[in-house]
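Trainee: What follows is the residue order along each chain.
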Amino acid sequence: MEITDEKLTELKEKANNIRISLIEALITAGSGHTAGPLDMADIFTVLYFHTLKHNPQKPDWPERDRLVLSNGHICPVLYSTMAHAGYFPVEELKTLRKFGSRLQGHPHRDFLPMLESSSGPLGSGLSQAVGMALADKIDYGLTSERRIYALLSDGEQDCGQTWEAAMLAGKEKLHNLTAVIDRNNIQIEGYTENIMPLESLSDKWCAWNWHVIEIDGHNIEEIADAFEAAKGIFGKPTVIIAHTIAGKGVPEFERDYRWHGSPPGKGPTDKVPADKQGDVALSELRTLGGKIRSEHE
Amino acid sequence: MLNPDLKLNTKIFDKDVEQIPIRQGFGEGLLAAGEKNMQVVGLCADLTESTKMNLFAEKFPNRFIQVGVAEQNLAGVASGLAAMGKIPFISSYAMFSPGRNWEQIRTNICYNDRPVKIIGSHAGISVGPDGGTHQAIEDIAITRVIPRMMVLSPCDAIEAKKATLASVDTGTPVYIRLAREKTPIITTEQTPFKIGKAETYWTSEKPQAGIIATGALLHRALLAAKELEEQGIEVEVVNLATIKPLDEESIVKFAKKVGRIITLEEHQIRGGMGSAVAECLAKNFPVPMEFLGVDDQFGQSGTPDELIEHYGMGTKSIIGAVNKIIKR
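Quick mapping for you: the protein sequence lines, in order, are chains S and D.
The numbering of the first sequence is the working numbering, which starts it at 1 and goes up by one.
The numbering of the second sequence is the working numbering, which starts it at 1 and goes up by one.
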């Protein structure tokens with residue numbers, strides 16, 4: 001499906017608003033992860049506002065596509081996107097990580113049943129997505145149309161279970177499965193290539209019989225095209241390696257692994273003092289929002 | 001005497017009592033479940049024949065998934081299948097599932113509220129010559145501690161078949177513990193089985209103690225009860241096939257009747273079925289207890305009989321524990 005200029009601007013603005021909301025939620029929460037949610041906002045936007053077959057008014061619609069967030073710690077972007085898509089009020093984002101909230105620190109279906117999976121412990125989301133894709137393969141064979149999406153981090157490529165699941169998906173030729181790897185090059189303790197070198201990621205996934213697409217994870221059209229291209233691949237699952245900038249949207253936070261697990265107010269202070277981090281982040285994002293609008297006009 | 005209401009195998013005490021591996025009962029149960037319910041699917045981690053899932057796999061190849069030696073993935077994939085309405089049974093050796101993949105079972109299955117059935121074969125010390133690495137004697141403890149999980153430990157192949165069929169419709173995760181060896185047939189097709197129900201298999205007029213046994217060791221408990229009767233000591237024996245949810249009502253009633261309780265399980269004493277019984281009785285009706293099982297050790301190679309005797313779960317140990325407890 002072609003994205004018009006108008007739609008493109010709308011999606012860019014949407015992604016920016018999702019970033020603003022998730023930053024506001026993290027500020028109120030006083031804990032949580034910042035870099036991953038910011039860098040995945042464009043991909044979530046394309047999924048929820050362009051690609052996914054879903055219905056926010058009817059979250060349990062049986063024919064919906066399925067989306068499994070494996071690295072549950074980036075749930076601020078999931079919650080923010082779902083709120084902007086109409087699953088629940090944007091205002092509710094302020095309850096993130098609070099006692100009794102539906103928006104648990106890591107996603108939990110008991111509290112928010114519209115989630116496809118409770119998640120957090122790394123490395124297990126792809127297995128669940130493979131199970132979902134297999135269920136459709138059992139029922140409808142190799143022509144099943146529903147798409148199953150698994151969103152993974154690059155850090156969880158360290159986990160053996162990710163590769164167990166990748167092998168099985170390749171063996172079972174799960175054409176209906178698309179995985180996305182957030183290749184932001186950071187994990188909680190440092191840069192991925194220092195913690196545990198992953199490259200060449202692309203070769204590794206090819207070796208397990210996956211179709212590999214590499215994209216700029218902040219280019220809306222590239223993201224949308226990759227999801228569309230995956231639908232055309234027969235007899236193989238597809239993995240989209242999305243090259244992203246950790247902390248995207250707030251230049252002061254970008255590319256710095258120390259923002260992996262810190263919320264504004266508790267991040268590294270060499271660029272921005274702690275008490276200014278929330279304001280700086282919101283101000284940068286609002287300026288960006290203005291730019292998106294003025295470029296279109 | 002054997003409880004006549006339960007229609008137990010009349011040949012229990014014969015030398016030539018029929019012996020079938022408990023896992024065989026699971027295999028037949030899963031096949032029957034698959035015939036009855038199209039949503040039942042089977043997944044295995046390279047032990048299809050050993051766990052007897054092969055019966056299902058041969059009949060329903062389209063509903064069987066071989067995941068290879070990858071137990072963590074086994075649990076995660078099953079969770080995903082259950083999310084789509086399937087009723088997955090996953091099988092491996094108990095040491096590896098629920099052993100190796102405990103966190104995936106806890107989070108992907110139980111925390112996620114997915115009704116996956118976890119079949120742990122080759123549980124207990126009676127795995128024998130394979131040695132301690134393959135003897136799962138911690139599995140009851142690590143499964144019963146997880147919220148939502150049901151834990152079943154059938155005493156023979158017939159009960160294993162019933163347990164397998166009953167697990168299909170619970171809507172919850174279920175762990176079913178199976179043994180490798182051929183074990184004596186204690187029950188019959190007519191013996192009642194209900195998840196969550198403890199049954200008294202050996203009754204007496206004036207019991208001086210009670211034995212609560214689970215799994216294949218129930219047979220040894222019954223042998224001990226018979227021998228004790230011949231010595232003039234009366235006991236009762238309960239088959240505790242469901243360890244969770246625990247039949248607290250029956251256990252308290254039993255404790256009130258027998259006054260002293262011995263638990264018997266092919267498992268570590270700490271955290272197992274005996275601990276579950278003790279938790280219940282300490283709260284509701286404390287009585288003196290003895291715990292028969294493995295006492296904080298790992299196993300080793302040997303024949304099943306040698307190992308059961310060595311680690312204190314044989315008939316001699318049971319009789320010894322009864323003689324000890326009635327003096328307390």
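One should not assume that every hint holds.
A few chain D residues that face chain S, going by a derived Cβ cut-off under 7 Å, partial list only [said to hold, decoys possible]: (1) Leu2; (2) Asn3; (3) Lys15; (4) Met38; (5) Gln39; (6) Ala70; (7) Gly76; (8) Ser79; (9) Gly80; (10) Leu81; (11) Ala83; (12) Met84; (13) Thr107; (14) Asn112; (15) Gln190.
Quick caveat, the hints were computed from the structure, so don't treat them as lab data.
By construction, the Cβ of each residue, glycine as well, lies at the ideal position given by its N, Cα and C atoms.
Trainee: A closest beta-carbon separation below 7 Å is what the hint needs, so does Gly76 (chain D) meet it against chain S?
Mentor: 3 Å, holds
Trainee: Let's test the interface hint: is any C-beta of chain S closer than 7 Å to that of Leu2 (chain D)?
Mentor: Constraint on Leu2 (chain D) not satisfied, violated at 45 Å.
Trainee: Does the interface hint hold: is Ser79 (chain D) within less than 7 Å of chain S, judged Cβ to Cβ?
Mentor: 5 Å, holds
Trainee: Verify the interface restraint on Ala83 (chain D): the C-beta must sit less than 7 Å from at least one C-beta of chain S.
Mentor: 6 Å, holds
Trainee: Tell me if the interface restraint on Asn112 (chain D) is satisfied: Cβ within less than 7 Å of some Cβ in chain S.
Mentor: 5 Å, holds
Trainee: Min Cβ distance, Ala70 (chain D) to chain S: is it shorter than 7 Å?
Mentor: With a minimum Cβ separation of about 4 Å from chain S (threshold 7 Å), the hint on Ala70 (chain D) holds.
Trainee: Quick check on Asn3 (chain D) please, does its C-beta sit within 7 Å of some C-beta on chain S?
Mentor: Violated, because the Cβ-Cβ distance from Asn3 (chain D) to chain S comes to roughly 41 Å (cut-off 7 Å).
Trainee: Does the nearest C-beta of chain S fall within a distance shorter than 7 Å of the C-beta of Gly80 (chain D)?
Mentor: Holds, because the Cβ-Cβ distance from Gly80 (chain D) to chain S comes to roughly 2 Å (cut-off 7 Å).
Trainee: Under 7 Å is the threshold here; is the Cβ of Met84 (chain D) close enough to any Cβ of chain S for the hint to stand?
Mentor: Holds. Min distance 3 Å.
Trainee: Classify the hint on Leu81 (chain D) as holds or violated, based on whether any CB of chain S lies nearer than 7 Å to its CB.
Mentor: It holds, given that the least Cβ distance between Leu81 (chain D) and chain S is near 4 Å, below 7 Å.
Trainee: Minimum Cβ distance from Gln190 (chain D) to chain S below 7 Å?
Mentor: 36 Å, violated
Trainee: Does the closest beta carbon of chain S sit nearer than 7 Å to the beta carbon of Met38 (chain D)?
Mentor: 9 Å, violated
The structure does not agree with the numbered hints 1, 2, 3, 4, 5 and 15 stated previously, though it agrees with the rest.
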